[in-house]
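Participant: Here is what each chain is made of, one letter per residue.
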Amino acid sequence: DIRMTQSPASLSASLGETVNIECLASEDIYSDLAWYQQKPGKSPQLLIYNANSLQNGVPSRFSGSGSGTQYSLKINSLQSEDVATYFCQQYNNYPWTFGGGTKLELK
Amino acid sequence: EVKLQQSGDELVRPGASVKISCKASGYTFTNYAMYWVKQSPGQGLEWIGTIIPLIDTTSYNQKFKGKATLTADKSSNTAYMELSRLTSEDSAVYYCARGRWDTYFDYWGQGVMVTVSS
Chain G
45 DIRMTQSPAS LSASLGETVN IECLASEDIY SDLAWYQQKP GKSPQLLIYN
95 ANSLQNGVPS RFSGSGSGTQ YSLKINSLQS EDVATYFCQQ YNNYPWTFGG
145 GTKLELK
Chain V
4 EVKLQQSGDE LVRPGASVKI SCKASGYTFT NYAMYWVKQS PGQGLEWIGT
54 IIPLIDTTSY NQKFKGKATL TADKSSNTAY MELSRLTSED SAVYYCARGR
104 WDTYFDYWGQ GVMVTVSS
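Protein sequence lines correspond, in order, to chains G and V. Those letters in the first sequence? Residues 45 to 151, per my numbering, in order. Those letters in the second sequence? Residues 4 to 121, per my numbering, in order.
This is chain G alone, in the form it adopts within the complex (with noise of 0.2 Å):
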């Protein structure tokens, strides 16, 4: 199974600044990546998918970036809303298999 290991498990920022979370994935995944958002007693919401594109309504504040290995989703301009839990998740190869997740909080 291919392993995704997200960076970091938790982060805190402040409303206004930029922030940056990093999934690995254990062997190449050809950009086929995707990045979820879940807040707290919800389900997961698609941010972005093949790596950089984003998904319709989705906010112009988020963007995808990363090939191979390394991938990560950049969230411009931090807003209270964005308090949420990030995943990543890769569907190159089965088993399709999720990061572990990185929870953002309000500093």
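No lab work stands behind these hints, which were simulated from the structure alone. These numbers come from a predicted model, not from an experiment. For glycine and all other residues, C-beta sits at the position ideal for the given N, C-alpha and C. Check the hints yourself; a few may be wrong.
Label-pair restraints from in silico Cβ distances [stated by the list, open to error]:
1) G/Asp45 <-> V/Lys22: 36 to 42 Å
2) G/Lys118 <-> V/Trp104: 26 to 32 Å
3) G/Thr49 <-> V/Gln65: 17 to 23 Å
4) G/Asn137 <-> V/Ser120: 34 to 40 Å
5) G/Asn120 <-> V/Ile58: 40 to 46 Å
Got chain G sorted already, so can you dock chain V onto it with the hints?
Facilitator: Using the frame of chain G, we list chain V on its own:
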């Protein structure tokens, strides 16, 4: 509006089975695959398996073979997951999620909490 409406939370006895439903609306059910995902505090998010309603084809995470059985009813636009021989390790929130075949999940159900307890 795409919506995946899952059935209610379940409290089940060890050794029993449970069947969860996921009713799709707002899109053509047979144009997409339905994925199932487990979320537990200890194991995080895990892909359980996938069903393609159009051709009734399933694929499973090896870890969940024999544990989960996926079915779909095209007449009612509903996907189902049955979990068998339940143990405390199966206590978790289970989600259905829509996606094209072999890709990411673009819409998720609200989740069903399954609690296995005597």
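Participant: State for each hint whether it applies.
Facilitator: Against the structure, the hints come out as follows:
{"no.": "1", "hint": "G/Asp45 <-> V/Lys22: 36 to 42 Å", "result": "violated (27 Å)"}
{"no.": "2", "hint": "G/Lys118 <-> V/Trp104: 26 to 32 Å", "result": "holds (29 Å)"}
{"no.": "3", "hint": "G/Thr49 <-> V/Gln65: 17 to 23 Å", "result": "holds (21 Å)"}
{"no.": "4", "hint": "G/Asn137 <-> V/Ser120: 34 to 40 Å", "result": "holds (36 Å)"}
{"no.": "5", "hint": "G/Asn120 <-> V/Ile58: 40 to 46 Å", "result": "holds (42 Å)"}
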